[in-house]
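Could you put the whole structure together from the sequences, leaning on the hints where they help?
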Amino acid sequence: MDFADAHACLQKVEPLVQCLTNKVVTNFTANALLAAGASPAMLDTPEESEEFAQIAHGVLINIGTPSTEQYGGMRAAIAGAQGHTPWVLDPVAMGGPKLRSDFAREVVQQHPAAIRGNASEIIALNGGAGGRGTESTANVNDALAAAQELAKKTGAVVGVSGPKDLIVDANQHVLIEGGHPLLQKVTGTGCALGALCAAYLGAYDDPFVAVATAHAHASAAGSVAVRSASAPGSFAVAWLDALYELDGAAIANEVTIK
Amino acid sequence: MDFADAHACLQKVEPLVQCLTNKVVTNFTANALLAAGASPAMLDTPEESEEFAQIAHGVLINIGTPSTEQYGGMRAAIAGAQGHTPWVLDPVAMGGPKLRSDFAREVVQQHPAAIRGNASEIIALNGGAGGRGTESTANVNDALAAAQELAKKTGAVVGVSGPKDLIVDANQHVLIEGGHPLLQKVTGTGCALGALCAAYLGAYDDPFVAVATAHAHASAAGSVAVRSASAPGSFAVAWLDALYELDGAAIANEVTIK
Amino acid sequence: MDFADAHACLQKVEPLVQCLTNKVVTNFTANALLAAGASPAMLDTPEESEEFAQIAHGVLINIGTPSTEQYGGMRAAIAGAQGHTPWVLDPVAMGGPKLRSDFAREVVQQHPAAIRGNASEIIALNGGAGGRGTESTANVNDALAAAQELAKKTGAVVGVSGPKDLIVDANQHVLIEGGHPLLQKVTGTGCALGALCAAYLGAYDDPFVAVATAHAHASAAGSVAVRSASAPGSFAVAWLDALYELDGAAIANEVTIK
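Those protein sequences? They're chains Y, G and A, same order as listed.
So the first sequence is numbered by full-length UniProt numbering: it starts at 1 and just counts up by one.
So the second sequence is numbered by full-length UniProt numbering: it starts at 1 and just counts up by one.
So the third sequence is numbered by full-length UniProt numbering: it starts at 1 and just counts up by one.
What the hints contain is simulated information worked out from the structure, not anything from laboratory work.
One should not assume that every hint holds.
Given that identical chains are not distinguished, each listed pair holds provided it fits within a single copy or across any two copies.
No farther apart than 30 Å at their CA atoms in a straight line, the calculated lysine-lysine pairs in the DSSO-like style are these [to be verified]:
no. : residue 1 : residue 2
1   : K23       : K98
2   : K164      : K23
3   : K185      : K12
4   : K153      : K164
5   : K98       : K258
6   : K12       : K98
7   : K153      : K185
8   : K185      : K152
Computed from a predicted model, the values in this text were never measured in an experiment.
Here's what the structure looks like:
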């Protein structure tokens with residue numbers, strides 16, 4: 001898979017990525033986008049989001065801590081994105097609290113270019129039972145059938161994050177091995193990955209390769225980070241550094257594709 | 001005091017801690033919980049908070065930057081927590097702005113398992129005069145009588161943070177010495193400590209020991225962090241690393257109990 | 001220009017700086033203020049902001065991610081600041097989305113002590129065409145005439161950030177050279193600079209020197225940070241460290257004034 005080409009396109013386009021995301025990870029997500037070569041815009045109000053989604057290269061909808069006002073912004077951004085701007089759904093804690101689960105089931109009908117979550121979230125979004133909070137209680141293999149169904153129903157590329165990442169569309173799938181368990185000890189690495197998916201989708205024409213490259217980039221940065229950091233505070237810093245320093249060839253070297 | 005036993009329980013239970021906290025520290029608090037061995041859920045809407053507080057192991061209510069919507073979430077979470085989930089009140093800037101002071105006086109009646117603040121906040125919550133912003137203008141010794149009264153009135157364990165930390169319940173108190181002044185130069189170390197109190201309370205049966213261990217863990221991490229970091233940016237990173245690396249025996253070695 | 005005197009005053013006064021700022025940078029801004037020697041209060045509700053702005057030493061209004069509730073807080077804080085507390089306007093993405101552009105044009109009439117933005121934002125606030133998102137599509141030299149007009153119309157000191165920073169009031173201007181391009185790869189360095197302007201204005205009598213010193217302090221910290229960090233994660237940490245470690249003489253040594 002041509003990670004190097006997708007990475008080169010990202011560096012060239014510097015995609016403007018509008019993130020409507022949870023309040024825990026706004027800063028970390030913006031920094032991950034900057035480090036990877038994209039340009040973040042964390043704009044999420046009802047009044048401004050439709051207009052902005054029309055000029056952005058990609059949009060992220062992450063439902064980790066939605067407010068009434070932010071739900072309005074999300075609906076506006078998705079409307080603005082229809083037909084020209086690829087948007088990514090990150091259904092955080094899907095299958096847990098009812099309100100967000102209903103919202104995710106509603107907007108998944110509106111043509112996301114990609115859906116990214118852990119195994120429990122993807123299974124729940126496809127109609128199965130959900131997990132607890134933001135942690136997955138299922139594993140990636142459990143989610144393959146659900147991800148394939150979801151890809152067929154929605155037309156989206158589906159990314160399932162875990163110790164291995166699974167990337168699925170209606171016709172194919174791939175497993176990406178890499179990263180490190182410390183990624184789970186830093187809040188927002190998964191949410192930042194959702195934003196990276198939107199960035200690659202905004203810069204590269206093949207959605208399957210774009211989403212796979214986003215996952216490979218994040219995983220590879222984890223593999224690199226752990227060489228200089230063995231605890232979560234310094235690991236988070238090293239992960240951002242590695243997102244910045246890795247080029248396309250290095251990304252390919254750091255992960256295994258199956 | 002058996003810090004090692006409480007710390008071992010936290011590692012085993014991996015308590016799910018729901019944080020309704022201020023917008024400045026959501027990321028840092030979640031990272032501190034993850035580093036210490038707990039699982040954060042920063043969920044604070046009126047619609048989802050009652051339901052979630054029923055399944056969480058502990059709940060944090062921190063009034064640093066409340067909005068109308070978040071006040072609704074806080075009332076819902078406290079209602080959901082009643083009778084089974086221990087919740088912690090962190091009355092940030094209590095005695096300053098009127099709205100939050102009224103709110104803290106209201107909810108302190110609803111059986112918090114612990115109250116954590118600086119000396120000025122604890123004195124003000126007990127009915128005395130308050131400080132300026134988030135800084136304490138009183139010292140920990142000044143707050144002993146107020147903390148004891150507050151513990152008797154509410155049934156809560158009261159933690160008063162400062163150069164030394166004072167832990168008080170209706171029958172006993174203890175002083176914990178440790179940490180470093182650079183903790184005051186990193187925003188959110190006190191707020192993260194409130195979340196750690198909720199984590200320990202959710203994992204350990206003795207509330208007094210749970211709250212004391214949370215304070216000892218945070219202080220010990222400060223003592224360790226300053227050995228590799230002499231300025232606030234790197235100190236914050238090292239503090240998260242130390243929260244992760246310290247075991248129960250090391251926590252006990254790093255602090256002095258009086 | 002006497003950076004050392006302004007810096008010494010900041011250390012002595014420890015100004016309380018109320019920040020009504022965007023959700024991406026609350027934590028980083030508070031940490032930058034603490035590192036530089038000020039005391040942050042990130043309080044922005046309609047109910048509490050007027051009262052608090054009266055006791056703060058300085059107020060920051062940053063419109064990066066405004067909500068309806070925060071606009072109310074901003075109007076209240078500006079009202080509370082009138083006549084005694086210097087306030088700073090950071091018109092993020094001015095000239096982009098209409099709602100925030102209208103708001104910035106409204107409040108700029110209400111006597112800000114300083115306005116800080118990139119070249120595109122300053123040109124747009126003065127009535128010219130705007131940029132895209134938070135990035136400047138114009139350069140600092142392009143903004144000189146607009147900044148001078150804006151300074152004359154409003155009475156504010158105007159700071160234009162870029163590879164070189166331009167500081168302008170109705171009668172004079174100065175260029176400050178320093179910093180490093182990695183500052184653009186860390187979200188919130190510009191927003192933190194707005195808060196530092198409010199801190200210096202709250203601690204030092206001469207507004208032109210106060211705003212220039214804030215810019216010099218931030219630039220000098222960038223020049224220092226890059227000596228130990230070559231990627232954005234570690235650079236952000238090193239920048240906070242340098243804000244803390246630099247004294248007034250060192251700030252003067254690290255920048256060039258023209």
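Status of each hint after checking the structure:
Proximity of K23 to K98 under the C-alpha cut-off of 30 Å is found in both arrangements, the shortest distances being 19 Å within a copy and 24 Å between copies. Proximity of K164 to K23 under the C-alpha cut-off of 30 Å is restricted to the intra-copy arrangement: shortest distance 27 Å within a copy versus 32 Å between copies. In this homomeric assembly, K185 and K12 come within 30 Å of each other (Cα to Cα) only across copies, at 16 Å, whereas the closest approach inside a single copy is 32 Å. With identical chains, the CA atoms of K153 and K164 are at most 30 Å apart within one copy only, with a shortest distance of 24 Å there and 52 Å across copies.
Taking identical chains as interchangeable, the C-alpha atoms of K98 and K258 are never at most 30 Å apart, the minima being 36 Å within one chain and 48 Å between chains. In this homomeric assembly, K12 and K98 come within 30 Å of each other (Cα to Cα) only across copies, at 29 Å, whereas the closest approach inside a single copy is 41 Å. Proximity of K153 and K185 under a CA criterion of 30 Å is satisfied in neither setting, with 33 Å inside one chain copy and 38 Å between copies. Taking the shortest alpha-carbon separations for K185 and K152, neither the intra-copy value of 33 Å nor the inter-copy value of 38 Å comes in at or below 30 Å.
Hint compliance for this structure: hints 5, 7, 8 are not met, and every other hint is.
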